[in-house]
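There are 2 protein chains.
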Amino acid sequence: MRIVIPIFDGITALDAIGPYEVLSRLPGATVIFAGHAQGPVHTDNGMLKLLADVPFEQAGDLDALIVPGGFGTRALLSDERMLSWLRKAHEQARWTTSVCTGSLLLAAAGILTGKEATTHWLEMETLAKLGARPVPRRVVEAGDGIVTAAGVSAGIDMALTLADAIAGPEVAQAIQLAIEYDPQPPFEAGSPRTAPTPIVERVRRAAARRS
Amino acid sequence: MRIVIPIFDGITALDAIGPYEVLSRLPGATVIFAGHAQGPVHTDNGMLKLLADVPFEQAGDLDALIVPGGFGTRALLSDERMLSWLRKAHEQARWTTSVCTGSLLLAAAGILTGKEATTHWLEMETLAKLGARPVPRRVVEAGDGIVTAAGVSAGIDMALTLADAIAGPEVAQAIQLAIEYDPQPPFEAGSPRTAPTPIVERVRRAAARRS
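Residue numbers (my numbering), protein chains in the order written: chain A, 1 to 211; chain B, 1 to 211.
Next comes chain A alone, as it looks inside the complex:
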């Protein structure tokens, strides 16, 4: 089971590391981090560097593609090198998945045209403009092995769903227990449907300032 995760400057680290932490624990799994070049990529805030093992085109055969998001995706929506590689990877992979604004890259590559998909709650309109049919769920299965997840932390739930589909519920539950994923958030503010309105507006304004 070869799992390839493309990483890039401006990535949101948890988008990639959540699914990595789950899926690397599948029996026989190998996770490869691919980048525009071998070497470090800087996360969205510049405070962390992850190392890409290989350039995209040398990532080799793959069973699953996991596309993370982050502000860095904006510059990549017209990066024909990356979009072309995503199309080829999707054709080969049994599973094509994304976390957060990673789905914008899949959509820009034409992979989500007319399909149900999700993304970070702030970017649902962008996803629609790129041809997908946004659905406000945490994990959206569109058929043909295409699975998209909502913002950042949703990649953990998506990966457990995928672990179940790939290796069955016992393996998925064992992974959940191994990473002690028994979430107890101190607030009920993780979705625009549950967060207090002033908090939603605050996050919306902060994102607008960054755009």
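Mixed in with the good hints, there may be bad ones.
Which copy is meant is left open, so a pair is good if it fits within one copy or across any two.
[Unchecked claim] Straight-line Cα separation of at most 20 Å, SDA-like style, residue types lysine to any residue; simulated pairs: (1) 88 to 145; (2) 49 to 32; (3) 88 to 60; (4) 129 to 142; (5) 49 to 2; (6) 115 to 170; (7) 88 to 55; (8) 115 to 144; (9) 49 to 37; (10) 49 to 25; (11) 49 to 9; (12) 115 to 141; (13) 49 to 38; (14) 49 to 29; (15) 49 to 39; (16) 129 to 208; (17) 49 to 10; (18) 49 to 36; (19) 115 to 198; (20) 88 to 115; (21) 115 to 137.
These are calculated hints, taken from the structure and not from any lab test.
Only a predicted model underlies this, so the values are computations on that prediction, with no experimental measurement involved.
Mind docking chain B on chain A? Use the hints.
Just chain B now, with coordinates in the frame of chain A:
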């Protein structure tokens, strides 16, 4: 607000990246990744490399220390260089925190002696042997700014608790919403108290084989 996260070979990536993703979003926060040397560290499964910015001793002043875990902690329980640095960092920091088996390092450094603390559910006895008083909760606040979290994914809940204590509930909720932390695990198997017994035994056996 300077937040220092020590990283090391054999680290569990999500232990570090969960809190990083939350706390890097605090207003004015800087996160520094420190290692035995500047350069790459390999995660527990060898599939990912994170870059350390500086050696421990050059991490500089800090307000918060976050110690992640992973199988790599075992070799570090007698690493006097690291334990000595942890003691100094703890003396200076307002907050001394850990995720998963990171608490074993804090305990080995003498920081948790006689104090309530938690760790990965498989390592509670080890934590007791190192002088702490294990408490089976997801996030344990021992006073004096010492906060420990249970296994791997618990670092996200711990960091949101910390964000609340540092910057108040509005900021913490805004961060929770920004990372869309509205967890919906597909199974109720994230704790030995909720997982089916055969799953608990399976994970226990797998860990014993690795020891």
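Hint check results:
no.	hint	result
1	88 to 145	within (15 Å within a copy, 50 Å between copies)
2	49 to 32	both (16 Å within a copy, 11 Å between copies)
3	88 to 60	within (11 Å within a copy, 46 Å between copies)
4	129 to 142	within (18 Å within a copy, 50 Å between copies)
5	49 to 2	between (23 Å within a copy, 17 Å between copies)
6	115 to 170	neither (30 Å within a copy, 36 Å between copies)
7	88 to 55	within (14 Å within a copy, 41 Å between copies)
8	115 to 144	within (10 Å within a copy, 52 Å between copies)
9	49 to 37	both (14 Å within a copy, 15 Å between copies)
10	49 to 25	between (23 Å within a copy, 17 Å between copies)
11	49 to 9	both (9 Å within a copy, 15 Å between copies)
12	115 to 141	within (10 Å within a copy, 46 Å between copies)
13	49 to 38	both (13 Å within a copy, 12 Å between copies)
14	49 to 29	between (23 Å within a copy, 17 Å between copies)
15	49 to 39	both (9 Å within a copy, 10 Å between copies)
16	129 to 208	within (18 Å within a copy, 51 Å between copies)
17	49 to 10	both (10 Å within a copy, 17 Å between copies)
18	49 to 36	both (14 Å within a copy, 16 Å between copies)
19	115 to 198	neither (32 Å within a copy, 38 Å between copies)
20	88 to 115	within (18 Å within a copy, 54 Å between copies)
21	115 to 137	within (14 Å within a copy, 42 Å between copies)
Hint compliance for this structure: hints 6, 19 are broken, all remaining hints hold.
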